[in-house]
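Enquirer: Below, each chain spelled out in residue letters.
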Amino acid sequence: QVQLQESGPGLMKPSETLSLNCTVSGGSISSYYWSWIRQPPGKGLEWIGYIYSSGSTTYNPSLKSRVTISVDTSKNQFSLKLTSVTAADTAVYYCARTINSAWPPGGFDPWGQGTLVTVSS
Amino acid sequence: QTVVTQEPSFSVSPGGTVTLTCGLNSGSVSTSYFPSWYQQTPGQAPRTLIYNTNTRSSGVPDRFSGSFLGNKAALTITGAQADDESDYYCLLYMGSGIWVFGGGTKLTVL
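In order, the protein sequence lines correspond to chains A and B. Per the numbering used here, the first sequence runs over residues 1 to 121. Per the numbering used here, the second sequence runs over residues 122 to 231.
Chain A with its partners taken away, still in its complex shape (with noise of 0.2 Å):
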C-alpha cells in the first residue's frame, strides 16, 4: 500500500523559500502525477500542482511564478520550492497521488498526513 510523507522546516521567516518533500513508499514513483496541495489554518483547500513522474509538471496559475515541483526517481521522492513567502503562505501542505496512473487521473488518493508550514517574522 502506498503511502506518502511531508518532511520540512515547520517555521520560516517572510521572503524565505519554502522546501518541502514528499517521500513515497510502498510503491515506485514512476507513473501517476505527483501532486501538492494546500490548506490554510481554517481555510479550504487550494491545489498547488503536480508533476508526472516523466517530469512535466502544471501549477495553479496563482502561484506559478513562485513554484517549483520536482522529483527525484532515485529517491522515490518529489519536492516542492515555494519562493518569496508571506504570511499568506502559512498552511498545511499535503502531497497526494492521482488515483489513476494513466488519463484521466480521477482525482487524488492516497495522501500524506500533510506539515504544517508557519511563515512569521
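Quick look at which bits of chain A chain B covers, simulated, 3 or more residues with Cβ under 8 Å:
| hint | stretch |
| --- | --- |
| 1 | 42 to 49 |
| 2 | 52 to 65 |
| 3 | 100 to 107 |
| 4 | 112 to 121 |
Below, in silico cross-link-like pairs of lysine-lysine (DSS-like), each with a Cα-Cα straight-line distance of 27 Å or less:
| hint | chain 1 | residue 1 | chain 2 | residue 2 |
| --- | --- | --- | --- | --- |
| 5 | A | K13 | A | K81 |
| 6 | A | K43 | A | K13 |
| 7 | A | K43 | B | K193 |
| 8 | B | K227 | A | K43 |
Calculated directly from the structure, the hints in this document are not laboratory data. Because the structure is a prediction, the values reported are computed rather than measured. For glycine and all other residues, C-beta sits at the position ideal for the given N, C-alpha and C.
Please arrange chain B on chain A, whose structure you already have, making use of the hints.
Expert: Relative to the frame of chain A, chain B by itself:
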C-alpha cells in the same frame, strides 16, 4: 476566473439523507470535469470518497454516492451517521492540467 461553488453549510438528521452539490460560477459540471469528493475532519488529512463522478474509493461505504443534480456534481449521503459530521470538498478538472477545489461544505448531523 472559474470558481467552484459549494454550499457553505448543511445539516442533516441522524438517519436522514443529504445531497451536497458542486457547481461552477459559469457553466455546467459534466463528466469531463472528473468530479471527486473528499471528507475531512479537524486535524486530519482529507479522505477520498468518490472519484470520476460516481466511483467509490476503496473502503467507502455505499451510503456515499456521486451523481449529477441538474448542472452540478452531487454527493449524496444516505442514512447519515454522527461520524459523517465533517467538511466535504469537491474537486474539478478545469482542463490544461488544472484542478480546482470547491470552498467546502460543513455538514452538521443533528
